[in-house]
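J.: Since the structure of chain A is already known, use the hints to place chain B on it.
2 protein chains.
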Amino acid sequence: MEKKFVTVNVSNRHIHLSREHVEMLFGAGYKLTSKKVLMQPIQFAANETVDVSGPKGTLENVRIVGPERIQTQVEITVAEARKIGVEAFVRLSGNLKGSAGATLKGPKGSVKLNEGCIVAKRHVHFTEKDASEMNLKTGDAVSVKVSGERALVFENAVIRVDKNNAELECHLDIEEANAALIKNGDRAEIIK
Amino acid sequence: MEKKFVTVNVSNRHIHLSREHVEMLFGAGYKLTSKKVLMQPIQFAANETVDVSGPKGTLENVRIVGPERIQTQVEITVAEARKIGVEAFVRLSGNLKGSAGATLKGPKGSVKLNEGCIVAKRHVHFTEKDASEMNLKTGDAVSVKVSGERALVFENAVIRVDKNNAELECHLDIEEANAALIKNGDRAEIIK
Numbered sequence: 001m002e003k004k005f006v007t008v009n010v011s012n013r014h015i016h017l018s019r020e021h022v023e024m025l026f027g028a029g030y031k032l033t034s035k036k037v038l039m040q041p042i043q044f045a046a047n048e049t050v051d052v053s054g055p056k057g058t059l060e061n062v063r064i065v066g067p068e069r070i071q072t073q074v075e076i077t078v079a080e081a082r083k084i085g086v087e088a089f090v091r092l093s094g095n096l097k098g099s100a101g102a103t104l105k106g107p108k109g110s111v112k113l114n115e116g117c118i119v120a121k122r123h124v125h126f127t128e129k130d131a132s133e134m135n136l137k138t139g140d141a142v143s144v145k146v147s148g149e150r151a152l153v154f155e156n157a158v159i160r161v162d163k164n165n166a167e168l169e170c171h172l173d174i175e176e177a178n179a180a181l182i183k184n185g186d187r188a189e190i191i192k
Numbered sequence: 001m002e003k004k005f006v007t008v009n010v011s012n013r014h015i016h017l018s019r020e021h022v023e024m025l026f027g028a029g030y031k032l033t034s035k036k037v038l039m040q041p042i043q044f045a046a047n048e049t050v051d052v053s054g055p056k057g058t059l060e061n062v063r064i065v066g067p068e069r070i071q072t073q074v075e076i077t078v079a080e081a082r083k084i085g086v087e088a089f090v091r092l093s094g095n096l097k098g099s100a101g102a103t104l105k106g107p108k109g110s111v112k113l114n115e116g117c118i119v120a121k122r123h124v125h126f127t128e129k130d131a132s133e134m135n136l137k138t139g140d141a142v143s144v145k146v147s148g149e150r151a152l153v154f155e156n157a158v159i160r161v162d163k164n165n166a167e168l169e170c171h172l173d174i175e176e177a178n179a180a181l182i183k184n185g186d187r188a189e190i191i192k
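Going down the list, the protein sequences come from chains A and B.
Taking our numbering, I'd label the letters of the first sequence as residues 1 to 192.
Taking our numbering, I'd label the letters of the second sequence as residues 1 to 192.
If we strip away everything but chain A, and leave its shape as in the complex, we get (with noise of 0.2 angstroms):
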């Protein structure tokens, strides 16, 4: 089989906020600004931050990310998690349900949330191309190799296959891409 080459996307940490919260946060009909747009076309970082805290800690002027969501959801590393007192789950983007609490504090008011605090678990988006020619299908795990100094392997990276996808794209966070010494662009190599 021909080796699949994967471009890595690295998040920092950030939040997802439902309508609810944002109006919670940042007052009644409050709309969110788009302050730079992200790789996937409808997304955008904010320029609005909030501060996420634990029985530990805080973490400042965390970034939101929209546009608005069902649920609110909170992408932090686990040093962030351990720095603020709450337990890193580490999960896929959506599946909170009994991850961590933590509370959200905006310019207009505070959010005390009972689960939706994730450490993000690595996972590839896929072409329906590359997909169908490694055999692959949306809840499948591949490997990612990255080469170098810091030379790993990524395990359990699990795939999401999507018409939209226009490249195969490696998400991962800024922990796991310091260890493997790669930054936002870089390229790996799946392995099945």
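You may find that some hints are simply not true.
Because identical chains cannot be distinguished in the list, a pair is counted as satisfied if it fits within a single copy or across any two copies.
Heads up, simulated DSS-like pairs for lysine-lysine below, C-alpha to C-alpha not over 25 angstroms straight-line [stated by the list, open to error]:
id, residue 1, residue 2
1, K121, K145
2, K163, K137
3, K108, K36
4, K129, K192
5, K97, K83
6, K112, K31
Keep in mind the hints are simulated off the structure, nothing from the lab.
T.: Relative to the frame of chain A, chain B by itself:
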């Protein structure tokens, strides 16, 4: 070949100081004091800390690890290097030539380092018996496989054989440990 398991030892940021630099930072004749004995019998975490600065920021209260060494050496993560604005050189301990500079500040003075600031290169301490059984010598590289939710294989882990080593011990930094969701004292598998 039988599987070899290794204990993981996770290093937080820390600094080793030369005698000259202890005196410049803490005063003439000053002796570091031990807060906690570390795994390797001679080493201790000192009560003393210093601030480490680069062009973009400062890491406050970086723990000193004693005893004194011939050369001052600062060990930080890739994220911390980025925060203070110095390049992240991944190096084995003692291999400091051409690494990043930094400014150290203590209660009695400061020191400007031209080099000595590194990100620790992952390595495995071998007993003579284990090295002999796997036909490995100091400087060879192995891989270290971690299971679980964030399973991964660390490649290029350099080995160090010493007759004083009592057991196999893999040294990782915090970002490597968090990327694999393992903690100090956890077990991993050596792959030749």
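J.: Work down the list of hints and note, for each, if the structure agrees.
T.: Hints, verified against the model:
1. For the homomeric pair K121 and K145, the shortest alpha-carbon distances inside one copy (16 angstroms) and between copies (18 angstroms) are both at most 25 angstroms.
2. Taking the closest pair of Cα atoms, K163 and K137 come within 25 angstroms of each other only inside a single copy of the chain (12 angstroms); across copies the shortest separation is 50 angstroms, beyond that limit.
3. Proximity of K108 and K36 under a CA criterion of 25 angstroms is satisfied intra-copy only: 24 angstroms inside one chain copy versus 45 angstroms between copies.
4. Within a single copy, K129 and K192 get their C-alpha atoms as close as 15 angstroms, which meets the 25 angstroms cut-off; across copies the closest is 36 angstroms, which misses it.
5. Taking the closest pair of Cα atoms, K97 and K83 come within 25 angstroms of each other only inside a single copy of the chain (22 angstroms); across copies the shortest separation is 34 angstroms, beyond that limit.
6. Proximity of K112 to K31 under the C-alpha cut-off of 25 angstroms is restricted to the intra-copy arrangement: shortest distance 21 angstroms within a copy versus 48 angstroms between copies.
Violated hints: none; the structure is consistent with every hint.
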